[in-house]
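Enquirer: If you want the building blocks of each chain, they are given just below.
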Amino acid sequence: MAKILVFTELHGSHVKGVTLEILGKLAGHTVDVAAIGAIPSEAIADLAKFGAANVHSLKGANLEKYSPEGYANSLKGFIAGGSYDYVFAGATSVGKDLLPRVATMFDAGMASEVTNFIMEGDKFAGTRPLFAGKCFAKVELQGPKPHFVTVRPNALGMNANPTSGAASAKDAAVDAGAIRAMIKDIVKGTSEKLDLTEANIIVSGGRAMKDAANFKILDEMANVIGATVGASRAAVDSGFAPHAMQVGQTGKTVAPSLYIACGISGAIQHLAGMRTSKVIVAINTDPDAPIFTKADYGIVGDLFTIVPIMTQEFKNLLGK
Amino acid sequence: MNIFVCVKQVPDTETKIVPSGDGSFIETSSIKWIMNPYDEFAVEQALLVQAANAGSTVTVVRVGSTKDTEALRTAMAMGADDAFLVEAADNLDSYMIAKALKGAIEKSGKTPDLILSGKQAIDDDCLQVPQILATMLGLPSVSVVVGYEGSATDVTVKREVEGGALEVYGVKLPALIACNKGINTPRYASLPGIMKAKKKPLTTLSLADVGVSDADKRVKYSNFQLPPEKPPGKKFDATDAAKQAAVVKEVVGLLRTEAKVL
Chain X
1 MAKILVFTEL HGSHVKGVTL EILGKLAGHT VDVAAIGAIP SEAIADLAKF GAANVHSLKG
61 ANLEKYSPEG YANSLKGFIA GGSYDYVFAG ATSVGKDLLP RVATMFDAGM ASEVTNFIME
121 GDKFAGTRPL FAGKCFAKVE LQGPKPHFVT VRPNALGMNA NPTSGAASAK DAAVDAGAIR
181 AMIKDIVKGT SEKLDLTEAN IIVSGGRAMK DAANFKILDE MANVIGATVG ASRAAVDSGF
241 APHAMQVGQT GKTVAPSLYI ACGISGAIQH LAGMRTSKVI VAINTDPDAP IFTKADYGIV
301 GDLFTIVPIM TQEFKNLLGK
Chain A
1001 MNIFVCVKQV PDTETKIVPS GDGSFIETSS IKWIMNPYDE FAVEQALLVQ AANAGSTVTV
1061 VRVGSTKDTE ALRTAMAMGA DDAFLVEAAD NLDSYMIAKA LKGAIEKSGK TPDLILSGKQ
1121 AIDDDCLQVP QILATMLGLP SVSVVVGYEG SATDVTVKRE VEGGALEVYG VKLPALIACN
1181 KGINTPRYAS LPGIMKAKKK PLTTLSLADV GVSDADKRVK YSNFQLPPEK PPGKKFDATD
1241 AAKQAAVVKE VVGLLRTEAK VL
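Protein sequence lines correspond, in order, to chains X and A.
Read in the working numbering, the first sequence has 70 at position 70, and its numbers run on one by one without any break.
One gets the working numbering by counting positions in the second sequence from 1 and adding 1000 to each.
Chain A on its own, in the form it takes in the complex (with noise of 0.2 Å):
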């Protein structure tokens, strides 16, 4: 099977974001990048599948700037064969970034039958990319993933919707999953991992590559700032047993007759 694994590199988590001097886009400069933590998901199911199907390959694709290379060489730290970048700034729009990853794909040369992506990208939140991508490739693909079985042509997915509820899905490949957190558990790159993947190739492309410019863009950001700041609010001890009653009665009072929230 030829398995592709679209990966975005994202800040950390842990990372205080701060809206850049005109407002455009975030101060980038001091930044850890990191893979996208829905993405080591994807990655991990692709070595599963790919296990389970002798003589699959898997690549990663990725569109984004070189400030680090991250999450491709965590990709192929953790076992994928080879991979694919498009250099392009950060903040791209969901469309364009789409139209890119397609045109990676395609000048790869090999025809998809697996494409697995995280659901969405913990940076702009958008969960647009995985159906856009799918809609431009004429493929069938079901988003938000917890569960992943089957064959090389036909897959059983659980879609996680509202309240926890799941959707189970019957899947003929080629298809496109984009796999959430609980499909499985991501391995760690082990040191050979990390030593073989240096060797391993990665072919840069630019947007022009895969036929995609500023006319593609879509979506227009500005004006980014912090949100506002809350004003102190108030704080009970309840440490002491025999204050305990009291301070939560006076808190619950609050929420009624000051918050307005009961």
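Bound-form chain X, shown alone (with noise of 0.2 Å):
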């Protein structure tokens, strides 16, 4: 049996849900729970349900706000006295940007961005994508210990743990050490939704929206069904939508449960970025347009008179 910490991020009195997804996963084996910062009693309460057996807050100066140098010199400390052999995150923009920093401080190798996992005993073992889901390959971690791994956020699922833990509450005191790059500012994004990495559903576009202002009748959907938008490459590089946006090999790799693509032809970039989603519609004039290959439910139209009674349908159904 592994002995196992999931380092977590606080949103609000709660962790994120890829933190419950990783505990779910690891339900037979000890799994610490930290945080920087004071974890809240809710966020706990949660922790103990997926199985948590202590939850370490991180308290020291200077880590009010994210910094690479500071969240890694803080973690790297706790990790140092604790005898773990893996650390889990989520591949979230902190764990992408972290966890590297602190493996390479105990010499330690890394899985980035797996969609699942085994523990072959106390030997990891995770598929992850490449080529942005192009292809799928195995990977394992040699080498010094501890090893680290990131999880894609909403690809394994909410497994529930059967035992719960005990989840007991321990601070512990953390150096944060020199910070040579600090955040002065932080600048809002312009949607309050989840990010298109961790949405549940996504209507994106593509070239045939024609213009920036017709993504207006994608955020009447996305508002009715609770989804993010996003965009083709075709889409952002015709200056219609940010690159923050972008769903592709050169944008981002999303998973979420349904994917409905409007006016998006499905080139290869794009289909590797989204392929995995569960379930996807398409709707496209072109009725040899590749992306319906991929999709579960294609209907062949304009998206411009199709989204707006599709959205229609969406508030029947949920009773908006």
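The set of hints was computed from the structure by calculation and includes no laboratory data.
From the three backbone atoms N, C-alpha and C, an ideal C-beta is built for every residue, glycine too.
Be aware that a few hints might be false.
To be verified - Which stretches of chain X does chain A cover? Using the computed rule of at least three CB atoms under 8 Å from a CB of chain A, they are: (1) 127–133; (2) 204–210; (3) 274–286.
Stated by the list, open to error - Calculated lysine-lysine pairs in the BS3-like style (CA-CA distance at most 27 Å, straight line): (4) LYS145(X) with LYS1220(A); (5) LYS138(X) with LYS1032(A); (6) LYS1230(A) with LYS278(X).
Claimed, not checked - Derived CB-CB ranges, DEER-like: (7) THR1111(A) with PHE304(X): 51 to 59 Å; (8) ASN116(X) with ASP1214(A): 24 to 32 Å; (9) GLU120(X) with GLU1027(A): 37 to 45 Å; (10) LYS1110(A) with ASP107(X): 21 to 29 Å.
Starting from the two chains in their separate frames, assemble the complex, guided by the hints.
Expert: This is the structure in structure tokens:
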């Protein structure tokens, strides 16, 4: 049985969903959780349900905001006292930035953004997409421990842990050390919605949207079904949407439960970024568009008439 | 300023990926290689910083095979001054690549004031090398950067996080900055640039020259395979306006009753 630490970020009074996905998957192992800052009681209750043994709040000066150096020094100091075999985190903006730094402080290896994994006894074996999902490979780690792993949000699913954990809350003093790259300001994004990489439903627009203003009809649909709006590279390169919304090989790789592609032809680099979505709906005027080869439900027709009708149908279905 | 740019050579985004027969990697024989798209932003940023700081040099560093030298040729054609290539297989793990890049930078004899790279390579998509390299060199670094301004000693950079929000960092140089799309618009290599690039110095090193061996391998890949093909889906014709309402109603109904996602 491996000794495992899951690093989590706090999101208001809760931890991110991916943390609970990881804990559920690690049922049967001794799993501690650590976060920078005080972990709220609601979060501790969630972590207990998913089997956490100890829950560590790492506290110290200069840790109010994320900084690559401050967080890395703090987490490294904490891990060094813990004899962990593995350190897991979600493949979020912080997880992806932070974990390679901490791994290197231990001269250790890291598997990025796995979409599934098993523990064969004490040994981790993961599956991860490469070339933006055009292929998959098995990934294993070797060399000095602990070994580090980030897990893609929404990929494992919420597996309940049959045994709840004690989730003993503990404080640990940590030292952020010298910080030479420090946040001066945070500029809010245009959307309050979940990020594309964490969204459960995505409505995406392509070149056929013709104009940035036309994304309004996608926003309306997204509001009804609780979706985040994305875009193809063609739409981004045409200036219809910012790069933060781009889905595909040079944008974000996503795996929501439902992906609705509107006016997207389905270039290979776009398909790579969204093909692992559980259910795909495509709306396109061209019956031969490659997107239809990946769609569970294809509608051949004009998005500008189909989308508003669909929005109304969603409203009827959901009683809104 | 001594400016370094780390670049990787990757299969073109239009490439159809085919796992090799033994599943140990992918078929590389018929691939068109390009500079990793995010690295183009790093090269452009290096040239912009060079132009703003007289007497600066831009050195490009790459670890990978010599099947093609497209990435380094392109970087020098865009305007970089010289290049170092550490010859290695195209599927080294992030730790080995970062250690080799560090070795090559040290072999150049110049102390970096600024290191630029793409935020991630679009082949293995790890988003690790910039942070590993910065940690190995003991430098501050910021990843996924979409905005850069500043002097030869202090810079302000914007890092893109979830939902398109931006973290604005003040950073003391020397530092490593990993670039995302949006930071600038990379220039095209001009014809004179391409001609000149042929005469620019390119130093080739081996992994042994930069102190990297199999003992540095941390990540083992195997069993490369294509994602499972989905069974064909249902396709509905809604080109006729009279049918649209019925088709949409049916699809929305199926999303609930059959796909169970609503």
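Enquirer: Out of the numbered hints, which ones does the structure contradict?
Expert: 2 and 9
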